[in-house]
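Enquirer: Construct the entire structure; sequences and hints are all you get.
As they're listed, the protein sequences go chains Z and E.
First residue of the first sequence: 1, per the working numbering; consecutive thereafter.
First residue of the second sequence: 1001, per the working numbering; consecutive thereafter.
Accuracy of the hints is not assured; some may be wrong.
To be verified - Under 10 angstroms between C-beta atoms, here's a sample of chain Z residues computed to sit facing chain E:
1. R6
2. P79
3. T82
4. G109
Hints listed in this document are in silico derivations from the structure and should not be mistaken for laboratory results.
Even for Gly, the Cβ is constructed at its ideal location relative to N, Cα and C.
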Amino acid sequence: MTRADRIVIAVIAVVAVVSWPVVVSAGAADATRVAIAGPGGVTTRNLDSNEELAIVGARGEVVVRIADGAVAVTEADCPDHTCVRTGRISAPGSVIACVPNGVIVRIEGGGLDELDARVR
Amino acid sequence: MSSTHAFADELRGAQPGLRSATLRVAYASALLATAVVLGLVESSLPPVALLPWLRIGLANIAVVVALLLCGARVAALVSGGRVVVIGLLTGTIASPVFAMAATGAALSLGVMVVLQRSLPSLSPVGLSAAGSVGHMFGQFLVAALVLGSSSVFVLAPPSVLVALAVGAATGLVAGSVVSRITKR
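Expert: Following this line, the structure appears as structure tokens:
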């Protein structure tokens, strides 16, 4: 290894280490979103927001609550309340469906909390 | 064996590059074959525990040797040829994996050629380490495009450190191969 080698390797390593927190926080800013699809169209919110939305469904109102980085359907005008019993979801790709009302809450995009593909 | 001697004489006089066109063709072919075999060996290795994404980049040894002995053009042939042949042999051709391999290989060689020309005091170790980082970035670019999300770059900094280490290791091997060939 020559001096030039050490310099090049050191520079790249330092850039990697210094950029680590920056990249991680930028990745966190690529926020996870909540898409709520109902008969009236799609509503999108950031998962880290804190709000309660009343969505007009096919049978009545569906109350969607976003809090602490998770979404849940807290109230729904439907016979079986499967959506309410689904509880809180937070992982990208997770879905809460309220079939009688035609409302689907889905988490999109965002972080890499879990592996979903592996390439070798 | 006089032919072996002539071969060695030609090589001895040829440093740093190989001048004879015949020798260059012979080397390019042998290095491409080596790169393909190394790539296949690597693709059949079991994933390392905890680091399933770790690739040593064995095939890159042949590319670095080609770059040092025969120049950028032959190195590009060896690198591009091996990506296509390994893609065909492992059945990943025309898949995102192939796009990642091809982009990684192109970026890696590009980085190494630029560094070889701008920093001649760099040894194969530094050259290969930087090329390895280039390869990793090429793969991340394609992964980000395929996934439609730049969040994969969160994994980039640790990968850079690993790429430096494995790149330096393969560079060490490539350097010793080159010195054995040229300084017999």
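Enquirer: Does each hint hold? Answer for all of them.
Expert: So, going through the hints one by one against the coordinates:
1. R6: Constraint on Z/R6 satisfied, holds at 8 angstroms.
2. P79: violated (38 angstroms)
3. T82: At 30 angstroms from the nearest chain E Cβ, Z/T82 fails the 10 angstroms test, so the hint is violated.
4. G109: With a minimum Cβ separation of about 6 angstroms from chain E (threshold 10 angstroms), the hint on Z/G109 holds.
In this structure, the hints that do not hold are numbers 2, 3, in rising order.
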